[in-house]
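Asker: Chain by chain, the residues:
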Amino acid sequence: MKQFSGIVLVAVLSIGFSSFALADEAAYKKLHAEAVAANDKALAAGGEWRDARGKKSKFIKCGDKKMSILHAAECYAAKGDYDNAIKYAEMAKDQGEQGYRQAMNQKNAGPRH
Amino acid sequence: MKKVILIVLAAGLSLGVGPAFATTQAEDIAALKAYFAERWPNIKDEDMVNGAYSLSEDKRINWESMRDFPPYEDHLAIGEEIWNTPFKNGNTWASCFGDDPSTIRNRFPHWNARDKKVETLEGNIIQCQKANGEEPFKAKKGKIAYFSAWLASQANGQTINVVVPQDDPDAVAAYEAGRQFFYAKRGQLNLSCADCHVYQSGLYARGNLLSPARGHTTHFPVWRGKWARSGGDGFGTLHRRYGGCNSQVRAKSFKAHGEEYSNLEYFHASMSNGLTIEAPDYRE
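Line order of the protein sequences matches chains A and B. For the first sequence, the positions run 2 to 114 when our numbering is used. For the second sequence, the positions run 2 to 285 when our numbering is used.
It is possible that part of the hints are untrue.
As the list claims (entries may be wrong) - Have a look at the derived ranges for each label pair, beta carbon to beta carbon:
1. B:Asn209 / A:Lys66: 36 to 42 Å
2. B:Pro87 / A:Arg102: 49 to 55 Å
3. A:Asp82 / B:Asn90: 39 to 45 Å
4. A:Lys66 / B:Ser231: 46 to 52 Å
5. B:Phe88 / A:Asp65: 44 to 50 Å
6. A:Lys57 / B:Arg68: 30 to 36 Å
7. A:Arg102 / B:Gln167: 46 to 52 Å
8. A:Lys66 / B:Glu135: 48 to 54 Å
9. B:Thr93 / A:Asp82: 43 to 49 Å
Stated by the list, open to error - Cross-link-like lysine to aspartate or glutamate pairs, in silico, DMTMM-like; alpha carbons within 25 Å at most:
10. A:Lys31 / A:Glu75
11. A:Lys108 / B:Asp171
12. A:Lys108 / A:Glu26
13. A:Lys108 / B:Asp196
14. A:Lys108 / B:Glu47
15. B:Lys256 / A:Asp41
16. A:Lys57 / B:Glu47
17. A:Lys42 / B:Glu260
18. A:Lys42 / B:Asp169
19. B:Lys60 / B:Glu47
20. A:Lys56 / B:Glu260
21. A:Lys57 / B:Asp169
22. B:Lys186 / A:Glu26
23. B:Lys60 / B:Glu82
Claimed, not checked - Non-contacting residues of chain A with respect to chain B, defined by C-beta distances greater than 10 Å in every case (computed):
24. Ala27
25. Glu49
26. Arg51
27. Asp52
28. Gly64
29. Lys66
30. Lys80
31. Lys88
32. Asn106
33. Lys108
34. Ala110
35. Arg113
Simulated from the structure, these hints should not be mistaken for lab results. Computed from a prediction, not measured in an experiment: that's the story for all the values here. Idealized CB from N, CA, C, for every residue including glycine.
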């Protein structure tokens, strides 16, 4: 009986953990898509920032390498570290949104002297 | 009566809150010159070609000692060799630019009314190579900088006069796009070209004395100590510098000789109208 209960407990826990992991993966994928869209919008307005997804950026470390924020999100997701993947996907999305807002605010920039 | 008041009010408001870009090239140059004249009453306008070295005696002494034995002489010799080497098809650079190398540098940047775009010297060097079936130089450093620097050296002492044809709305739009770029804050640091090189010029950003925008384009391509220390040969074009500046404020940089930087150069070079070409030169 004890053995049976143990097996049931392990099964329930593993289902629980895997559903959490699936939920994290889904949340990451959603944020990643939103980050890409936000930065595409900023790029189209001429206001994308350097570190959101720049190929030469060395802003965030993942493993031994430094890379852009979105690339770091992808790197952590590939390792199954969805806490960091989500954190950096959110950060990249935020940079895209701020870059777009900045470009819109500066559309009529001119001298103030 | 109410109607008249409303019309007058609307006219007044539209004058008061009109777009920041409703000025001409001549007005922009005059305003920038006046701003710097007030900021540094003891510095003559013609000394603006020396950039930050007009603002600091210590920096000036170092710069003058570098100029005694310029680190870029060998690169200029390569530039001259490039001018004298015909293309594989037998044509020479003169087929694109004319026979006299001293007349080339000062024709750029200019407005190409047929193609409705700003043309830059380095952009046209690449275009000339492509038209003659040659492999083009890399856009920002290396041979393009040596060649452009040698062409600039042939034009030393000539007065810059970038023309924006006021009767061509496309040319005016390109100039205004360049001005908007210059004054627009960008990147995570939220800084514009003007923040450093107009409003904060003469102050320090870390160890660097910020140079005034007037005179900037007179000495490009430049040999920079920073570029030499980063493993290169030190030489770079104006668009290399634009990319570096954008990256420093954490903005994504634009393609060299693309529309954004060419328009920026059109405005930026205009702001040095009346000054003389002094190129290439050493910068920190």
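Asker: Mind listing which of the numbered hints don't hold for this structure, in increasing order?
Answerer: 1, 3, 4, 7, 8, 9, 12, 14, 16, 18, 21, 22, 23, 25, 26, 27, 32, 33, 34, 35
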